[in-house]
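Participant: Can you make the complete structure from the sequences, with help from the hints?
Letter by letter, the chains look like this.
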Amino acid sequence: MRHRRSRTGFSLRFLRSPLPYVGVATAAAIGTGVAAYGNWEVKAETATFTVRAASIPRMDAPRAELPPGEPEIGADGLVLRGPRISWHRVAIGGDVPVQRYVVTRHLGPVTQIACDVPAGRTRCVDKHPPAGYLVTYTVAATYGSFWTGLPSEASRPVLLPGEAAPVLVDGVVVLPGSSGGTLMPAPGPSAGAVAGGTRPDSPADPANPAPHDSASPAAPVIVPPAPPEVDTPESGTTSAPQSPAPEPPDTPVDGVKNEPDTQIGIGIDLP
Amino acid sequence: MHRWHKSVAAAAAFVGVAGLGVALHDPATTDQKMTLTAAGGDDQHPAFTVRGTAVEDLYPGAHRRLVLTFTNPSGVDLLVTGMHARLTATSKPGCAPVASNLEVEPYTGALPARVDARDSLQAGAVPLHMPNSVVDACQEATFTVAVTADAVADR
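First to last, the sequence lines map onto chains A and B.
1 is the number of the first residue of the first sequence in the working numbering; add one for each residue after it.
272 is the number of the first residue of the second sequence in the working numbering; add one for each residue after it.
I should point out that these hints are in silico values taken from the structure, not numbers from a laboratory.
Do not rely on the hints blindly, as some may be mistaken.
[As the list claims (entries may be wrong)] Taking lysine to any residue pairs in the SDA-like style, the calculated list, with each CA pair at most 20 Å apart, reads:
hint, chain 1, residue 1, chain 2, residue 2
1, B, LYS363, A, GLY120
2, B, LYS363, A, THR48
3, B, LYS363, A, VAL125
4, B, LYS363, A, ARG81
5, B, LYS363, A, LEU150
Facilitator: Following this line, the structure appears as structure tokens:
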């Protein structure tokens, strides 16, 4: 009993001593510190980087001029050798040549692809424009399957030789006018599809009525030759291929001059 | 001091030393997975920084390399054991962050890469390829590439 009291008394005296508390506190501090060091908190952020894509620059307005010599007009009302269109080359990022140039003919609100040539070319001839029309041209550079630059400003207007006659473009009869052409519905059931088209009795430019404003749906029309390599013309000045083209080379070269020119696409810029 | 009294104090000190030893040899601390950060750290939150070279003028068919430099501002050597990069966003709605618009290829470079304490290392690169299928809307777009890494402390 005495021995038991003695033990208890000793324990109480021990707990009143600061030494064990100092030891435990030291151990806890060391352990906590090491744990904090061992599990150092590296910021859980992901490094992000931005990379930027280039763009095809907008080209300057092309130059369009009629070829010298006597113009030839075919029996179909088309100019056999139309205006020559020329432009200045552009590059992506300053040093990567584009791959193709697409020249668009504008007959007022009607647009047609006049030329689609490899980038080695800086000019082309609009082979079969309709006679007697006032036309302008724009040019845009393309690269790869889908990249197309903004169309340039329009060229100076060119008055095509010959007597103008209505032409049928993409289901729409185009009547010649001072602005390049006015629209009227084409004969037949598809006429109603020409939303926004101008009726023959209300030409788009009343101050300059079309010379053939008496044309009726029964009037003869001129149908331009179907563009090669395109089964169904699409609206819009340009259109992307339906399937991706072959992968372009990493470093484009001007070795594509043998590619044939193509004339594709017909469109109407409706107001 | 009583002998038992001394024993308790010694035991407490041993616990402290043992805690130190366990902490130093805990695989969770030596094999800690770390995520790279583009921001600098401080003494309390050491940060492993990575920088990349500017990449511009991507166009269809173009190949580029996002060259990475690791900087270790901490006092512990690090071994970078893995690098991962992925396309996360673009700046244009019509230009989706998908591989058909920009391919982010696996990191190329020697791994593991040792980065000494308070030192830098120009490491490998993340190859980038803009395929021919890239859509027109991606012209002048900005692509965001997220990079993360696996690293261990090299003690």
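Participant: Does GLY120(A) sit within 20 Å of LYS363(B), going by the straight-line distance between their CA atoms?
Facilitator: Outside the cut-off at roughly 32 Å; violated.
Participant: Holds or violated: are the alpha carbons of LYS363(B) and THR48(A) at most 20 Å from each other?
Facilitator: holds (17 Å)
Participant: Does the alpha-carbon distance linking LYS363(B) and ARG81(A) stay inside the 20 Å limit?
Facilitator: Not OK: LYS363(B) and ARG81(A) at ~43 Å, beyond 20 Å, violated.
Participant: LYS363(B) and VAL125(A) were given as a pair; does the straight-line alpha-carbon distance stay at or below 20 Å?
Facilitator: violated (37 Å)
Participant: Is the hinted pair LYS363(B) and LEU150(A) satisfied, with a Cα-Cα distance of at most 20 Å?
Facilitator: holds (17 Å)
Violated hints, listed in ascending order, are 1, 3 and 4; each of the other numbered hints is respected by the structure.
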